[in-house]
Amino acid sequence: MPGGNEPLLPLQWQPVPGCGEAMVYPLIRKVDIVSSNSYLVQTPDAIVLIDPGGLPDQAAHLASIIRGIRGEKARPVIMMLTHAHVDHFLAACSDPLLADPGITLFAIQESGARSLESSDRQVTQAEMLGKEVTPMRIDLRLLEAARERAGAPVRRTFANGATVMVVQDPLESGLPHERIVVGDGPPLDIFHTPGHSPDSICIRIGGLLFIGDLLVAANPGLAGIAGWNRDALIRSITGIQELLSRGGITAVCPGHGRVLTPDDTARMLGAVQGEARLLTGVAELNRDRARETAAFAEDCMEQVNELFTVMAGRLYYVSHVMDELGETEIAAGLPEMIRGEVIDDLLDSFASFTREVHSGRHMPIALALKGGQVIGKLQRTFDQEGLAQIIDPTLVLRAERLLGDYTITFRGFSLPRDIAEHDLNALLRASLTDHTVRSSSDDDVLASADDHAAFGRLLLARIGTSPLLGDVEVTFGADSKTLTVPVDRERFLDLLTYLLEDLVGTGAKAITIHTGKDGDTTVVTISGAGCTGRPGGGIPRRFLSGLCERAGGTLDSCEAAGSRQFTIRFGTVL
Amino acid sequence: MEITTVTRGNGTVLSLAGRIDTVAAPMLEQAINRVMESGSRKILLDFSGVSYISSGGLRVLLASAKKLKNTGDRFGLCCLSADVLKVLKLAGFTSIFSIYPSEGEALAGW
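Protein chains in written order, with my numbering: chain A, 820 to 1393; chain B, 5 to 114.
No lab work stands behind these hints: they were computed from the structure.
Each statement offered as a hint is correct.
If the Cβ cut is set under 10 Å, some of the chain A residues that face chain B in the computed set are:
1) Ser-1138
2) Asp-1142
3) Glu-1143
4) Ile-1282
5) Ile-1358
Among the chain B residues that face chain A by a calculated CB cut under 10 Å, a handful are:
6) Asp-25
7) Val-27
8) Gly-61
9) Leu-62
10) Ala-69
11) Ala-86
12) Asp-87
13) Val-91
14) Ala-95
15) Gly-96
What you are looking at is a predicted structure, and each value in this text was computed from that prediction instead of being measured.
We treat Cβ as the ideally placed atom computed from N, Cα and C, and that holds for glycine.
Chain B on its own, in the form it takes in the complex (with noise of 0.2 Å):
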């Protein structure tokens, strides 16, 4: 899986591409706590190129959301594929961070 990382304003966004299979959870729990250790804690992951999260992948969801929880924390996940909002949404996890369509309309509120 490839991560790509960009500071949009006071935030942090990292596009995500490939499958979220049990090699590319860590790397992209790896990926989050390097943003938070920079500093970071508005974090939104941008899901247009994921076509695929394993249980792995969750988890590692559930960890950085657990992590940004402070006020003024922001995690977000925007531009979510059928099959993974479906995963999401079925496992309950919409209720515990937001979701966005877009990169624009997740950025705009924070």
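Here chain A stands alone, though its shape is the one from the complex (with noise of 0.2 Å):
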């Protein structure tokens, strides 16, 4: 049996700490957004089921524990919500033992009660994770504001027979604080910690804190959800902060994840209580949003899927080239540098994800966890820098501002726009350049002959950077001398870099670049002559009029055979 500073046990009774003869058994689930870890907790006068969970299975799993010890004694069972997500309470309508008010006497903070009793699907998340919801019958209201702090204890008497004495102290911890005494046995302290949820509540019974969503409330895909509250998070982190530094608390039980010490959770919070001090001005999460992030996931994820194989297949073709002229130890350090397997592997999932998503089977949040995810990952697992020195550094730099754009959009920000006046015919000019030349000259080379070192450096470089126009005919023509307008100028060498890549890709032999306007507007076209490639496919026009509109101008696109051409149009007012 764990004891002091140990984590508990899942699935096993365990003495709750400093709490005579009361017990605890921990459901702790694999972390997801179907359900949350359940716990309950046996004295000799109740039985508490804190957070019954979002699936009928683990309602069932819970009922037979309950029917166990109920015919060793039989109990009131005193259902609690950390706070009415449908993740925390939807299994509680599949069991029969958990619905019957003859056994079961539900509990929950005020404004919860509210939105499950009028099946509220913002509140509750219903809406987002595409659940039904019905209404339930609340029994106790926790913290109501109309007793708030009367200090007289209130006695009430349930039809499953539980005598609960409710006395609402003053503030604790800065806290809102209610102690629930149910028949002679320990004390449960109630705090409200509204932020992830207005009914946000912890729960305290002996040296264990059930501390709900309160680790997770500032996390991307929560941040924002119909509810949240930036503000209140910041001040029940203080509180609870507060609470724990006091002592006497020995493991905290949290609503998704392991169990863990006060120091860790102390430490943790702090990250959180961090992180939500910089979330001022997030979107708020709603289903549409939820949708447009995934569909931003899908999109992000299409783009990075390519340049990570473009690079990993780089660095392929370097290895085989130093292979081929003898340098063995330096072609099979290469590949190493961007763990291709790994990578194929983070993709592949996010793929198949995606098409289950398709299919109906998760909801579109999901997909946009699955994109924070999965984009974390790659963020760990490629060397930018080393890469950069040896494969185009724009490659990289596309790929880091890629994994970075969705990063911001998934915590609920808009894309940062560097709107300024520039002159087209000047970055276009510039790109070009950049796009034909190879980084290093043929005299650098030279000049390096006697430096080992050196050599293989820029050898390296200039086999793993072909310039992406080198083999085509480039043609451009302005207008007039300047095109000055209001662009984004990286996301707009941004795009013309896919943009060119897209024709090169498909095989054109020839590219016409043509500025000019059209009345108040400026209007940018640029042609691809003699692509070979079967027609369609290409980078998804959505992602392109995306990189475009944050460029600031709009994109259209025309295909015929052999031949592709897109149009860049800017307006004049910044």
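Hints given; two lone chains; assemble the complex.
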């Protein structure tokens, strides 16, 4: 049996520290958005179920445990929710024992009670997660405002035989606090900790503190959901940190993830609070935004997939050439820089999850979360700096920017735009030169001939960075010498590179770029002729259009046998 | 991924259908190796049914090209979709092996 600061063991009864005969049974799940952890606490006078979770199987398991211990000694069941989100309570509707008012008393903070009684699809997240909710019976409203700080104990008796004493105390650790005692059992201290949701509570029983979703409240995909409140979250965390600092709590039981020590919890809460402070202006995360974010994840991932495949391919190519040159040691080390197999696995898992979302098995929010997870891992998987010294650095930079853009969007922020006036003709000329001329000149290579290390570096870069337009006939024409328009320079240059790659990649032999005016509108056309790839495919137009909008323009495209044309239009208003 | 192997003249054509992902790439490598073990040194991969190639797939193509570089050997790809052609071109692979618009055009020169 664990004790002291040892974590609790899952699916086993064990003593509640500092709480006499009370025992706790933790049901710890793999972290997901479908169902929370559940915790059972039994005392001689009652059985307390904290968060039945969101899955019928979970409810059935909990109910069978409850039936077993009620068989040993009949006691009322008190079901408490740390908050009214479907992943924490939906299971309660699926088992007759949990739904029977003669056995189970249902307790929740009063605003959560209102959400459940009215089947509020927004606040309960049923809308976001595609679940159905029906009105629920609430027996005991916790932390009722009408009784706030009344101080006088209130004794109530319920249909399941429970006699409950409720005492609303003054603020404790700066948090609204209420103490509940069932029969002669240990007190249950309830703290109002809104932020993740308006009704979030933390529950202390002896040395255990049940904290619901406080630790994940600032996470992307959760920050901004209906009922989320940044300032309240920051205050709630301060209160719980104060409570932890007073001592006496030996284990912290979260709604998702493993049981934690108080020290780990305090450290993690500090990080959550720091993250929350940065979340000013985070957009509301509703079903529409989840759908948009999921679509952006899909588009980004398709491009990330292509960029990573090309980068890995480039490294394999460089490795192949070095091997041919007899530099076997260098050749063998190169593929390690991008860990292609790990990346392929990540991208495959995202592609297969996307197919499941399209088939209706998961909601869009799940794809947005999966995108965040995969992108986080990708960011840790490749050696950006080393790669940029060997292969085309714009490939690496664009991959970084894509991963960063998705992370920003996923967190609920708008992508930054740095719109300023630039001469489009100058930008285009410079970019075309960059894509035509080798990064190292023949003179550079000759000059390094006596320095083996420098020569090796230049050779690798020269093999790895073949200019995109090296084998293509490019014609640039402009109606006027300069063409100043408001544009986000970096994003415009990224867009241009994607478009040129699209044309070169599909075999264009000649590319023509033309700039001019059409009334107040500035028009850039980029055409490719002699394309040999079969029609269709190419970069999704939705992705290119989004990038063009962020650059400050709009994009049209058309395709015919052997040719492709893109038209970018810029207005004149900043 | 489905791989159909057919002998055409003095070459062998492997028609591929599906995604060349982490699961399919080793299958493709084994199929190419089996053809080489059977004595055929002129191999054409027909990509008509391939919509996606992973970096693992690129590695298999490169490894195969490396094994088929003796005088008289041939290793080529035909009927590439725009997306796959683009990845091969940007990765620099088009200078390592031959790419043909159709099976007929590839085999005509073999």
